[in-house]
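Start from chain F and add chain R according to the hints.
There are 2 protein chains.
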Amino acid sequence: MSNFILHNYFRSSTSFRVRVALNLKGIDYDYQSYHLRKGEQRSDAMLKLNAQGLVPVLELPDSTVLSQSMAIMEWLDETYPKAPLLPDTIADRARVRSLAQMIACEIHPLNNLRVLATLKSKFGADDEAVADWFKTWVAATFEPLENRLASETYTGDFCHGDTPGIADICLSAQVINNARFAVDMAPYPTIAAIHKRCMVLEAFDKAKPAFQPDAE
Amino acid sequence: MSNFILHNYFRSSTSFRVRVALNLKGIDYDYQSYHLRKGEQRSDAMLKLNAQGLVPVLELPDSTVLSQSMAIMEWLDETYPKAPLLPDTIADRARVRSLAQMIACEIHPLNNLRVLATLKSKFGADDEAVADWFKTWVAATFEPLENRLASETYTGDFCHGDTPGIADICLSAQVINNARFAVDMAPYPTIAAIHKRCMVLEAFDKAKPAFQPDAE
Numbered sequence: 001m002s003n004f005i006l007h008n009y010f011r012s013s014t015s016f017r018v019r020v021a022l023n024l025k026g027i028d029y030d031y032q033s034y035h036l037r038k039g040e041q042r043s044d045a046m047l048k049l050n051a052q053g054l055v056p057v058l059e060l061p062d063s064t065v066l067s068q069s070m071a072i073m074e075w076l077d078e079t080y081p082k083a084p085l086l087p088d089t090i091a092d093r094a095r096v097r098s099l100a101q102m103i104a105c106e107i108h109p110l111n112n113l114r115v116l117a118t119l120k121s122k123f124g125a126d127d128e129a130v131a132d133w134f135k136t137w138v139a140a141t142f143e144p145l146e147n148r149l150a151s152e153t154y155t156g157d158f159c160h161g162d163t164p165g166i167a168d169i170c171l172s173a174q175v176i177n178n179a180r181f182a183v184d185m186a187p188y189p190t191i192a193a194i195h196k197r198c199m200v201l202e203a204f205d206k207a208k209p210a211f212q213p214d215a216e
Numbered sequence: 001m002s003n004f005i006l007h008n009y010f011r012s013s014t015s016f017r018v019r020v021a022l023n024l025k026g027i028d029y030d031y032q033s034y035h036l037r038k039g040e041q042r043s044d045a046m047l048k049l050n051a052q053g054l055v056p057v058l059e060l061p062d063s064t065v066l067s068q069s070m071a072i073m074e075w076l077d078e079t080y081p082k083a084p085l086l087p088d089t090i091a092d093r094a095r096v097r098s099l100a101q102m103i104a105c106e107i108h109p110l111n112n113l114r115v116l117a118t119l120k121s122k123f124g125a126d127d128e129a130v131a132d133w134f135k136t137w138v139a140a141t142f143e144p145l146e147n148r149l150a151s152e153t154y155t156g157d158f159c160h161g162d163t164p165g166i167a168d169i170c171l172s173a174q175v176i177n178n179a180r181f182a183v184d185m186a187p188y189p190t191i192a193a194i195h196k197r198c199m200v201l202e203a204f205d206k207a208k209p210a211f212q213p214d215a216e
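Chains as they are written, first to last, in the working numbering: chain F, 1 to 216; chain R, 1 to 216.
For reference, chain F alone in the conformation it holds in the complex (with noise of 0.2 angstroms):
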């Protein structure tokens, strides 16, 4: 059998979920590396993989190909139900999905490389406007995540509970490109905390951008 293929890039926060989602599952695979400030996602053989050009691709296997990261931990958790990615019950699993969304949908989509790029070409912005527009987008969703974790009883020690799922998943991934920028983690002290015990643990550690092959 071959084995499963990651197309990701070290730097990439949803190529991070990822990874932090194989590491939880114990599934080996092989790291296949796309430099993205070089638009090697561009590539012909990432747009016959991906047509969206986009890291993470996960590609099974079977050949299959899955691309979305959040598509793709869902697609883990239900195929390989050890070591649960989502909690038991159809409201938890709702809570955390929406703590999840709250990060992939609100903060991610606009603080990556191409749109970041986006605002130099179109807006003649530079790296002091960027850093704005990155810090505002954490902002405006870290401060009401921070209010839900420290608020509601639900939480242990990670967002849901005591044991790690994709909502700490996404959190871990947001943090860590948040020092890209030197985001102030102060007024967030549960996310924070959680992150820490994310980090900790040898399936976070491991899927760290420092640690992957293409790291620079």
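It is worth saying that the hints were derived from the structure and are not from the lab. Don't take each hint at face value.
Put simply, identical chains are the same to the list, so a pair is met inside one copy or across any two.
[What the hints assert, rightly or not] In silico SDA-like cross-links for lysine to any residue, where the CA-CA straight-line distance does not exceed 25 angstroms:
| # | residue 1 | residue 2 |
| --- | --- | --- |
| 1 | LYS38 | THR136 |
| 2 | LYS196 | MET185 |
| 3 | LYS122 | PRO144 |
| 4 | LYS82 | TYR154 |
| 5 | LYS135 | MET185 |
| 6 | LYS122 | PRO61 |
| 7 | LYS120 | PHE181 |
| 8 | LYS120 | TRP137 |
| 9 | LYS122 | ASP132 |
| 10 | LYS122 | MET199 |
| 11 | LYS208 | ASP44 |
| 12 | LYS122 | THR153 |
| 13 | LYS38 | GLY156 |
| 14 | LYS135 | TYR154 |
| 15 | LYS135 | GLY124 |
| 16 | LYS135 | ARG37 |
| 17 | LYS25 | LEU86 |
| 18 | LYS122 | GLU40 |
| 19 | LYS48 | THR141 |
| 20 | LYS122 | SER63 |
| 21 | LYS48 | PHE158 |
| 22 | LYS48 | ILE90 |
| 23 | LYS48 | GLU202 |
| 24 | LYS135 | GLU78 |
All values reported here derive from a predicted model rather than from experimental measurement.
Same frame as chain F, but now just chain R:
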């Protein structure tokens, strides 16, 4: 028993998603409107329901509050299995979620009201520049989405087979939203055909912005 209450706004495309999903499931709901241009989603009443201050929010008869449209649709589908919004198999669900997330994560977050307002306030974008930004992100995802829908054999009358689901809901919401900036749909014949098939269904038609009580 009290009713479901949908806290939403006629023109919000994430609100449209939840209206269609409720309609497909045959669930009656009370309509509570928050005028986004007047900032009513930032009112104390809304912030108490949802710290994010965003519509849509679905309030259940037992007063539980659900937020984030994608999480709400998954909750509805798990709670009311009739008229499924996702297909039967894990592999098929991964495809549908991937198609849905292409729109939910790559188009809508970049083009909603608060982002367009921020382009104006931070970069002095005029109406033309805002329209150009909007169309840029529609094209960046509609091109590969058209490509996938036209080439993948799973596509039927709808995004996946011959019944509508969450991918069709996201697709239709986006096509309706596109009309605000007169996006030319000619390059996207498959998307346009699926949208047309959706809008003749009562569940989609009834959810249209123009038919809501707060429509202007």
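Results of checking the hints against the structure:
1. Taking CA atoms no more than 25 angstroms apart as the test, LYS38 paired with THR136 passes between copies only; the shortest distance there is 21 angstroms, against 27 angstroms inside one copy.
2. Only within a single protomer do LYS196 and MET185 lie at most 25 angstroms apart by alpha-carbon distance; the minimum there is 12 angstroms, versus 47 angstroms between protomers.
3. Proximity of LYS122 to PRO144 under the C-alpha cut-off of 25 angstroms is restricted to the inter-copy arrangement: shortest distance 22 angstroms between copies versus 30 angstroms within a copy.
4. Taking identical chains as interchangeable, the C-alpha atoms of LYS82 and TYR154 lie at most 25 angstroms apart only when both belong to the same chain, with a minimum of 21 angstroms there against 29 angstroms between chains.
5. For the homomeric pair LYS135 and MET185, the shortest alpha-carbon distance inside one copy (11 angstroms) is at most 25 angstroms, but the shortest distance between copies (34 angstroms) is not.
6. Taking the shortest alpha-carbon separations for LYS122 and PRO61, neither the intra-copy value of 42 angstroms nor the inter-copy value of 47 angstroms comes in at or below 25 angstroms.
7. When the C-alpha separation of LYS120 and PHE181 is checked against a cutoff of 25 angstroms, the pair qualifies both within a copy, at 16 angstroms, and between copies, at 23 angstroms.
8. Taking the closest pair of Cα atoms, LYS120 and TRP137 come within 25 angstroms of each other both inside a single copy (17 angstroms) and across two copies (15 angstroms).
9. In this homomeric assembly, LYS122 and ASP132 come within 25 angstroms of each other (Cα to Cα) both inside a single copy, at 16 angstroms, and across copies, at 9 angstroms.
10. Taking CA atoms no more than 25 angstroms apart as the test, LYS122 paired with MET199 passes in neither setting, with 37 angstroms inside one copy and 35 angstroms between copies.
11. In the homo-oligomer, the alpha carbons of LYS208 and ASP44 never lie at most 25 angstroms apart, since the shortest distance is 28 angstroms inside one protomer and 39 angstroms across protomers.
12. In the homo-oligomer, the alpha carbons of LYS122 and THR153 never lie at most 25 angstroms apart, since the shortest distance is 44 angstroms inside one protomer and 38 angstroms across protomers.
13. For the homomeric pair LYS38 and GLY156, neither the shortest alpha-carbon distance inside one copy (41 angstroms) nor that between copies (37 angstroms) is at most 25 angstroms.
14. When the C-alpha separation of LYS135 and TYR154 is checked against a cutoff of 25 angstroms, the pair qualifies neither within a copy, at 28 angstroms, nor between copies, at 40 angstroms.
15. In this assembly of identical chains, LYS135 and GLY124 lie within 25 angstroms of each other by CA distance both inside one copy and across copies; the values are 18 angstroms within and 19 angstroms between.
16. When the C-alpha separation of LYS135 and ARG37 is checked against a cutoff of 25 angstroms, the pair qualifies both within a copy, at 21 angstroms, and between copies, at 23 angstroms.
17. Both within a single protomer and between protomers do LYS25 and LEU86 lie at most 25 angstroms apart by alpha-carbon distance, with minima of 12 angstroms and 24 angstroms respectively.
18. Within a single copy, LYS122 and GLU40 get their C-alpha atoms as close as 22 angstroms, which meets the 25 angstroms cut-off; across copies the closest is 31 angstroms, which misses it.
19. For a Cα distance limit of 25 angstroms, the shortest separation of LYS48 from THR141 across copies, 16 angstroms, qualifies, whereas the shortest one inside one copy, 35 angstroms, does not.
20. Proximity of LYS122 to SER63 under the C-alpha cut-off of 25 angstroms is found in neither arrangement, the shortest distances being 39 angstroms within a copy and 45 angstroms between copies.
21. Taking the shortest alpha-carbon separations for LYS48 and PHE158, only the inter-copy value of 23 angstroms comes in at or below 25 angstroms, while the best intra-copy value is 38 angstroms.
22. When the C-alpha separation of LYS48 and ILE90 is checked against a cutoff of 25 angstroms, the pair qualifies only between copies, where the shortest distance is 23 angstroms, while the shortest distance within a copy is 37 angstroms.
23. When the C-alpha separation of LYS48 and GLU202 is checked against a cutoff of 25 angstroms, the pair qualifies neither within a copy, at 33 angstroms, nor between copies, at 37 angstroms.
24. When the C-alpha separation of LYS135 and GLU78 is checked against a cutoff of 25 angstroms, the pair qualifies neither within a copy, at 34 angstroms, nor between copies, at 36 angstroms.
Checked against the numbered hints given earlier, this structure breaks hints 6, 10, 11, 12, 13, 14, 20, 23 and 24; the rest are met.
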